[in-house]
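2 protein chains.
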Amino acid sequence: MKIEVINTGTEILLGHVTNTHLAYLAKELFSIGYRIERQITVPDGEGIREALSESLKRADLIIITGGLGPTSDDITREISAELLDKSLEFVPEIWTHIVERFQRRQKTPAGNNLRQAMVPEGATFLQNENGTAPGLIIPYRHLVVVLLPGPPRELTSMWKNQAFPWLKENLFKSTEIVQKQWRILGIGESDVEKEIEPKLRAIGLTEIGYCARAGEVDLRVISSNLSHLDQAHEIVSKTFNEAIYSLGNETMEEIVVALAQAKKKKIATAESCTGGFIAHRLTLVPGCSSVFEFGWVTYANEAKIKELHLPSSTLDQFGAVSRETVLAMASGALQESNADISIAVSGIAGPTGGTAKKPVGSCWIAWATKERVWAEHYLLSQNRENFKMMASQLALDGVRRWLNSLD
Amino acid sequence: MKIEVINTGTEILLGHVTNTHLAYLAKELFSIGYRIERQITVPDGEGIREALSESLKRADLIIITGGLGPTSDDITREISAELLDKSLEFVPEIWTHIVERFQRRQKTPAGNNLRQAMVPEGATFLQNENGTAPGLIIPYRHLVVVLLPGPPRELTSMWKNQAFPWLKENLFKSTEIVQKQWRILGIGESDVEKEIEPKLRAIGLTEIGYCARAGEVDLRVISSNLSHLDQAHEIVSKTFNEAIYSLGNETMEEIVVALAQAKKKKIATAESCTGGFIAHRLTLVPGCSSVFEFGWVTYANEAKIKELHLPSSTLDQFGAVSRETVLAMASGALQESNADISIAVSGIAGPTGGTAKKPVGSCWIAWATKERVWAEHYLLSQNRENFKMMASQLALDGVRRWLNSLD
Numbered sequence: 001m002k003i004e005v006i007n008t009g010t011e012i013l014l015g016h017v018t019n020t021h022l023a024y025l026a027k028e029l030f031s032i033g034y035r036i037e038r039q040i041t042v043p044d045g046e047g048i049r050e051a052l053s054e055s056l057k058r059a060d061l062i063i064i065t066g067g068l069g070p071t072s073d074d075i076t077r078e079i080s081a082e083l084l085d086k087s088l089e090f091v092p093e094i095w096t097h098i099v100e101r102f103q104r105r106q107k108t109p110a111g112n113n114l115r116q117a118m119v120p121e122g123a124t125f126l127q128n129e130n131g132t133a134p135g136l137i138i139p140y141r142h143l144v145v146v147l148l149p150g151p152p153r154e155l156t157s158m159w160k161n162q163a164f165p166w167l168k169e170n171l172f173k174s175t176e177i178v179q180k181q182w183r184i185l186g187i188g189e190s191d192v193e194k195e196i197e198p199k200l201r202a203i204g205l206t207e208i209g210y211c212a213r214a215g216e217v218d219l220r221v222i223s224s225n226l227s228h229l230d231q232a233h234e235i236v237s238k239t240f241n242e243a244i245y246s247l248g249n250e251t252m253e254e255i256v257v258a259l260a261q262a263k264k265k266k267i268a269t270a271e272s273c274t275g276g277f278i279a280h281r282l283t284l285v286p287g288c289s290s291v292f293e294f295g296w297v298t299y300a301n302e303a304k305i306k307e308l309h310l311p312s313s314t315l316d317q318f319g320a321v322s323r324e325t326v327l328a329m330a331s332g333a334l335q336e337s338n339a340d341i342s343i344a345v346s347g348i349a350g351p352t353g354g355t356a357k358k359p360v361g362s363c364w365i366a367w368a369t370k371e372r373v374w375a376e377h378y379l380l381s382q383n384r385e386n387f388k389m390m391a392s393q394l395a396l397d398g399v400r401r402w403l404n405s406l407d
Numbered sequence: 001m002k003i004e005v006i007n008t009g010t011e012i013l014l015g016h017v018t019n020t021h022l023a024y025l026a027k028e029l030f031s032i033g034y035r036i037e038r039q040i041t042v043p044d045g046e047g048i049r050e051a052l053s054e055s056l057k058r059a060d061l062i063i064i065t066g067g068l069g070p071t072s073d074d075i076t077r078e079i080s081a082e083l084l085d086k087s088l089e090f091v092p093e094i095w096t097h098i099v100e101r102f103q104r105r106q107k108t109p110a111g112n113n114l115r116q117a118m119v120p121e122g123a124t125f126l127q128n129e130n131g132t133a134p135g136l137i138i139p140y141r142h143l144v145v146v147l148l149p150g151p152p153r154e155l156t157s158m159w160k161n162q163a164f165p166w167l168k169e170n171l172f173k174s175t176e177i178v179q180k181q182w183r184i185l186g187i188g189e190s191d192v193e194k195e196i197e198p199k200l201r202a203i204g205l206t207e208i209g210y211c212a213r214a215g216e217v218d219l220r221v222i223s224s225n226l227s228h229l230d231q232a233h234e235i236v237s238k239t240f241n242e243a244i245y246s247l248g249n250e251t252m253e254e255i256v257v258a259l260a261q262a263k264k265k266k267i268a269t270a271e272s273c274t275g276g277f278i279a280h281r282l283t284l285v286p287g288c289s290s291v292f293e294f295g296w297v298t299y300a301n302e303a304k305i306k307e308l309h310l311p312s313s314t315l316d317q318f319g320a321v322s323r324e325t326v327l328a329m330a331s332g333a334l335q336e337s338n339a340d341i342s343i344a345v346s347g348i349a350g351p352t353g354g355t356a357k358k359p360v361g362s363c364w365i366a367w368a369t370k371e372r373v374w375a376e377h378y379l380l381s382q383n384r385e386n387f388k389m390m391a392s393q394l395a396l397d398g399v400r401r402w403l404n405s406l407d
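Sequence lines, in order, name chains A and B. Counting in the numbering used here, the first sequence runs from 1 upward without gaps. Counting in the numbering used here, the second sequence runs from 1 upward without gaps.
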């Protein structure tokens with residue numbers, strides 16, 4: 001099956017946003033063994049015409065993103081209908097959904113929203129839970145054209161809940177190719193490869209993939225042989241043990257919150273250099289309030305002293321980025337919050353503030369429980385955003401390991 | 001000038017990496033008024049052949065990334081030479097550079113590295129400071145084809161130091177097309193369009209674009225007529241006034257931190273439903289420590305009482321999501337931190353916890369300064385991630401408006 005993706009969006013071609021749809025759709029399709037053959041980005045408006053005409057000559061499945069909005073440069077729906085020889089029909093059900101959506105905000109839709117309720121004959125429409133523009137699945141001769149809205153939030157939930165299930169049901173005949181994935185923290189991509197690849201090849205696996213992010217790697221194998229996959233799981237588990245934090249696409253915060261809920265333990269955070277990012281990640285997980293109650297962002301030294309009872313003598317003697325400081329921060333947060341485990345982080349996120357002894361990227365993380373406090377030092381990325389990601393990941397991983405160690 | 005970009009890379013089409021080259025090149029080109037008309041991604045290997053053939057019929061400048069490495073699926077150089085009717089010539093200078101690079105690591109190049117020293121006749125080669133693969137600039141009839149290596153670090157420095165200067169010198173004659181952008185908060189995309197489009201069309205502008213994100217819109221116009229753009233700026237400013245928070249690509253947090261630094265004011269945060277996300281956003285900005293010192297994530301009621309001195313009677317009488325509670329939280333944070341302005345947020349991020357009176361999406365935000373405290377109620381997205389984004393944006397926007405109101 002030849003799959004092509006067409007992304008519409010002047011903002012992508014101007015560099016205002018990065019195209020994240022392609023990677024998202026590619027991963028989703030690849031999870032059941034399908035691959036995208038070609039991807040094209042065209043500007044809003046008429047650009048879609050030529051690209052779609054060309055793709056229609058080559059592809060079996062065409063996924064188009066963007067251009068379903070109410071404004072004048074959003075004409076993906078109209079041009080697709082035209083090229084596929086379909087007339088557009090008004091669907092009252094969609095219009096009702098749009099009107100209700102506006103009403104919830106005490107507004108009424110504009111006349112140009114009417115276009116969003118038009119559906120090409122024979123097409124299936126996909127309700128948009130997060131916006132007004134419905135998606136469309138249009139069968140045409142031997143092929144299928146799928147139109148999805150451009151805003152990532154709208155696209156991902158519509159894909160997951162409606163478009164992908166429809167395609168699995170109606171287009172993709174076999175889903176016998178299965179994937180397994182392991183998320184591994186703290187080991188470099190080439191070390192993961194060197195360790196595991198010969199062992200996996202030895203049992204006959206050939207489709208082995210790696211996806212590296214800051215400080216971690218997703219290892220992935222694809223095969224139609226289920227017993228190979230089971231063997232692979234045994235081998236990978238033995239090789240990387242506790243460094244594997246997830247077997248699916250679950251994030252570290254989802255795993256930590258679920259574990260804490262299962263073991264009825266509460267987490268508190270005391271953040272300097274991560275600046276609230278750990279608390280943000282925990283609170284992205286619905287229901288986290290049962291395990292997360294107190295967090296501090298003590299960015300200034302004064303805040304560490306006042307809120308977390310850090311002795312100023314510790315700061316004077318060892319500095320803000322030191323084992324002694326994070327240990328005291330973690331203890332202060334535990335005591336003040338009455339949580340079961342606390343995290344404290346202090347480091348140098350850069351780009352300035354580094355010294356020869358404590359370069360940009362230096363990071364101390366401590367954890368405190370009622371039984372003990374401990375700390376680790378890391379040298380992380382010199383890129384500010386990556387630094388925060390890596391530090392928060394390691395901090396949460398310490399909580400995961402502690403929770404796992406409990407009966 | 002018609003510019004097309006072809007990215008080669010199976011890993012992009014499998015979703016293992018996100019294509020960041022496009023946004024990078026787009027921004028660079030647009031900085032001197034040029035735009036990319038179309039972008040295509042093809043797998044490693046033969047995929048480049050059809051894509052380049054097509055682009056040669058349309059474009060004046062084609063930039064190809066990737067496929068210059070030594071392995072067997074890296075054949076961009078060879079296929080380009082073939083399609084452009086050029087023979088490949090060995091260039092000893094490149095080979096010397098490759099050998100030296102290997103020697104520095106006590107290694108010797110493999111035989112397949114020899115291919116990297118081959119240059120199409122008449123082409124200019126670009127030394128690679130960070131790898132072995134040289135870039136190539138190949139003039140062909142009326143057009144130019146530029147080949148750049150795939151690894152981002154190699155590509156960006158080669159582009160900046162060699163390819164872009166060459167193009168500016170030899171190809172780009174004028175820089176007359178200019179863009180203006182306004183980031184507008186709190187007005188829906190279709191309302192923005194309805195308000196502004198007739199006015200902009202009336203002065204002769206036709207290239208008008210909108211990019212919607214949760215709760216906000218980027219409005220963008222492109223024109224070669226500078227006086228039209230000046231007029232547009234006047235019209236847009238008058239129409240949307242203070243709702244415009246940025247004229248470029250700056251984020252809200254960058255603008256707030258810069259304003260606070262300029263006015264020497266400090267910000268404190270007291271977050272419930274946003275869970276540290278506001279603090280995280282502020283601390284993404286390098287140098288924010290001069291204006292941000294104290295943040296609280298008071299997720300539990302008990303934390304609000306203990307850390308922010310919220311009277312428990314207020315909670316009992318009005319609940320956690322109420323005007324009275326956020327006003328008290330903001331006052332408590334201001335007092336405890338000694339900042340100049342504090343933000344407090346409490347709401348229902350969902351998916352559960354909503355009631356008929358306080359549905360999911362309800363959000364109270366308060367701000368406190370030494371002179372006054374005030375609060376606003378919003379009904380935001382029912383999607384948790386979006387809810388946090390919108391609430392944090394509105395909270396920071398209140399700080400921006402207050403800072404702007406100061407002399």
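What the hints contain is simulated information worked out from the structure, not anything from laboratory work. The reader is advised that the hints may include incorrect statements.
Which copy? The list can't say, so a pair holds if one copy fits it or any two copies do.
When the alpha-carbon atoms are kept at most 30 angstroms apart in a straight line, the in silico DSBU-like pairs for lysine-lysine are as follows [to be verified]:
| hint | residue 1 | residue 2 |
| --- | --- | --- |
| 1 | Lys2 | Lys264 |
| 2 | Lys160 | Lys180 |
| 3 | Lys357 | Lys238 |
| 4 | Lys266 | Lys306 |
| 5 | Lys266 | Lys358 |
| 6 | Lys306 | Lys265 |
| 7 | Lys27 | Lys370 |
| 8 | Lys168 | Lys238 |
| 9 | Lys57 | Lys2 |
| 10 | Lys107 | Lys358 |
Hints that the structure is at odds with (numbers, increasing): 1, 3, 7, 8
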